[in-house]
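Throw the hints in and build the complete structure from the sequences for me.
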Amino acid sequence: MAVVALFVFLLLRLTAGDPAAIIAGDNATAQDVAAIRQKLGLDEPIASQFVIWIGKILRGDLGESFFFKKTIAELIAQRIEPTLALATCTLVLAVLMAVPLGVTAAYKRGSWIDRFVMGLSVLGFSVPVFVIGYALMYLFAIHFAWLPVQGYQRIGDGFGGFILRLILPSFTLAIIYVALIARITRTSVLEVLGADHVRTARAKGLADLPVLLRHVLRNAAVPIVTIIGLGVALLIGGVVVTESVFSIPGLGRLTVDAVLARDYPTVQAVVLLFSAVYVLINLLVDLTYTVLDPRIRY
Amino acid sequence: MSTVLTLPSAVERPAARARRLPRNRSVWIGAAILAVIVAIAVLAPYLGTTSPAEIDPAARNRRPGAERVIRHEDGTTTTTTSRMGTDSLGRDVYSRVIYGSRVSLIVGVTVALISVAIGLVIGLVSGYIRWLDAIVMRIMDGLMSIPAILLAIALVSLSRGAGLRTVILAIVIPEVPRVVRLVRSVVLSVREEPYVEAARALGVPTPALLARHVLPSTVAPLVVQGTFVCASAIVVEAILSFLGVGIPPETPTWGNIMAEGRALFRIFPHNIFFPSIFLAATVLAVNMLGDGLRDTLDPRLRHQI
Numbered sequence: 001m002a003v004v005a006l007f008v009f010l011l012l013r014l015t016a017g018d019p020a021a022i023i024a025g026d027n028a029t030a031q032d033v034a035a036i037r038q039k040l041g042l043d044e045p046i047a048s049q050f051v052i053w054i055g056k057i058l059r060g061d062l063g064e065s066f067f068f069k070k071t072i073a074e075l076i077a078q079r080i081e082p083t084l085a086l087a088t089c090t091l092v093l094a095v096l097m098a099v100p101l102g103v104t105a106a107y108k109r110g111s112w113i114d115r116f117v118m119g120l121s122v123l124g125f126s127v128p129v130f131v132i133g134y135a136l137m138y139l140f141a142i143h144f145a146w147l148p149v150q151g152y153q154r155i156g157d158g159f160g161g162f163i164l165r166l167i168l169p170s171f172t173l174a175i176i177y178v179a180l181i182a183r184i185t186r187t188s189v190l191e192v193l194g195a196d197h198v199r200t201a202r203a204k205g206l207a208d209l210p211v212l213l214r215h216v217l218r219n220a221a222v223p224i225v226t227i228i229g230l231g232v233a234l235l236i237g238g239v240v241v242t243e244s245v246f247s248i249p250g251l252g253r254l255t256v257d258a259v260l261a262r263d264y265p266t267v268q269a270v271v272l273l274f275s276a277v278y279v280l281i282n283l284l285v286d287l288t289y290t291v292l293d294p295r296i297r298y
Numbered sequence: 001m002s003t004v005l006t007l008p009s010a011v012e013r014p015a016a017r018a019r020r021l022p023r024n025r026s027v028w029i030g031a032a033i034l035a036v037i038v039a040i041a042v043l044a045p046y047l048g049t050t051s052p053a054e055i056d057p058a059a060r061n062r063r064p065g066a067e068r069v070i071r072h073e074d075g076t077t078t079t080t081t082s083r084m085g086t087d088s089l090g091r092d093v094y095s096r097v098i099y100g101s102r103v104s105l106i107v108g109v110t111v112a113l114i115s116v117a118i119g120l121v122i123g124l125v126s127g128y129i130r131w132l133d134a135i136v137m138r139i140m141d142g143l144m145s146i147p148a149i150l151l152a153i154a155l156v157s158l159s160r161g162a163g164l165r166t167v168i169l170a171i172v173i174p175e176v177p178r179v180v181r182l183v184r185s186v187v188l189s190v191r192e193e194p195y196v197e198a199a200r201a202l203g204v205p206t207p208a209l210l211a212r213h214v215l216p217s218t219v220a221p222l223v224v225q226g227t228f229v230c231a232s233a234i235v236v237e238a239i240l241s242f243l244g245v246g247i248p249p250e251t252p253t254w255g256n257i258m259a260e261g262r263a264l265f266r267i268f269p270h271n272i273f274f275p276s277i278f279l280a281a282t283v284l285a286v287n288m289l290g291d292g293l294r295d296t297l298d299p300r301l302r303h304q305i
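In the order they appear, the protein sequences are chains A and B.
First residue of the first sequence: 1, per my numbering; consecutive thereafter.
First residue of the second sequence: 1, per my numbering; consecutive thereafter.
Keep in mind the hints are simulated off the structure, nothing from the lab.
Be aware that one or more of the hints could be misleading.
Unchecked claim - Facing chain A, from chain B, some residues (calculated, C-beta under 8 Å): (1) Ala154; (2) Leu202; (3) Val204; (4) Asn287.
For glycine and all other residues, C-beta sits at the position ideal for the given N, C-alpha and C.
Listed below in structure tokens is the structure:
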């Protein structure tokens, strides 16, 4: 995590662009720019800027946005609800679709559902998120007009509108995730299906479904959970794009706006936050291994 | 060191593998689509295009197939058809889409070549020289823990006027760790092989050893990985342009055309529709090529990626 923090900081600070000049505007004199630079602490050496920044982060202070003139913690608090809702919805949707699809594909190997899953996984990797987004939007929101086109409604302002506006973006984002998880599920289940204990379970007369759920899926779970964790990187990248497509005022949109405004503290904080979430989720995934497979110990 | 040359090569029967290639359907389809798109990119000026940056305020937001009369200074007129309509500045979408293929292909190929080259060098060195490995891999882990698109977006924000070079660099950096990991895993499995040990015993200096005996084993996985990097680079470039943080908006790229059409998508979907199809077809072709290459060149990789 410390390495990530150092990277994020160095990458964003070793630049040609001068944020002080941008904030001051076109008509500013050199003195104005210098004053702003001093106020923001940009005149300090890079190393001490980093120490100050990391010290503040450790104390929970993310700093103040150059551009939005608010503390970054406030900004993030404002924008986190849509992102969290979108990500959770997508995750649930993707797992609910992908795991049954993958298991069925492996179980009925060579059937149409198997070909469908393999086709979907090629397609899911090839069609970019925003293309899927616009295709779904055109079809369901404009052509059939079943769902709202864009926008977001806070959960506090009515649950119906909240869910309705979340369906399209979540589906959009879920497709690539489904492709990823279903493919791994299929491979992993196929491997376990050939194992001795599965043959034994079948031989003792257990029906197919209990065999699949209790004996196969459980043993195939570790790679599936791993890929769900690794896929969070895709999900985060996808969130940034999907929020732009569907005009959702979340953290992803904040990142893009901050980049466009060269608002470094905000970009740093958001990238760090996303990376922290990603690392944390993968840590959790590592910990679930011991639950899924008692043979694994740390 | 003439004895070194007689040592067995790490690549097993490359000729036999190469002969199997044309029989793979996926390689054929992918290569065929890709060939069409490369042809489009190369022949862009001869495909009935007008200048992709030319603004015509009188012909804004035309639907596909709209006819347009251009009056010349000497009084004569010519009629052109905007096959894919025009955007909100009156630029011809067809021309922009056709020219846009150039940027996508350049970005895809350059990113693939650069990141494979950098990743190869770092991977070889860190896989072979053990004390460096720990340091290099920590740095790579750090880079990999930042989601790729986010890292690219953050990197683009570095330079003032984002241009082609900045965008390429921003896409290369997140891709490098993946190539490094791949090369390193190959090196780690090869370095204990008897023929490498034999070469070492004969006193071959490390650089020559790496180049002559370890490098050949990495070629097949790298070709495969390179195509996947290429596909993902094309997607990321389009995403960056679409978000408005990529190549400057006047340059015709598929992402830029879509960004342009975003505001009026509900009324004029053609701005988004046509570049989408080209983008998806290109990436699909590259991915199919990669899948096919992987299956023929190195079946073991199937489980790794």
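For each hint, the structure was consulted:
no.: 1; hint: Ala154; result: holds (5 Å)
no.: 2; hint: Leu202; result: violated (39 Å)
no.: 3; hint: Val204; result: violated (35 Å)
no.: 4; hint: Asn287; result: holds (5 Å)
Figure legend: structure checked against the earlier numbered hints; hints not met, in rising order: 2 and 3.
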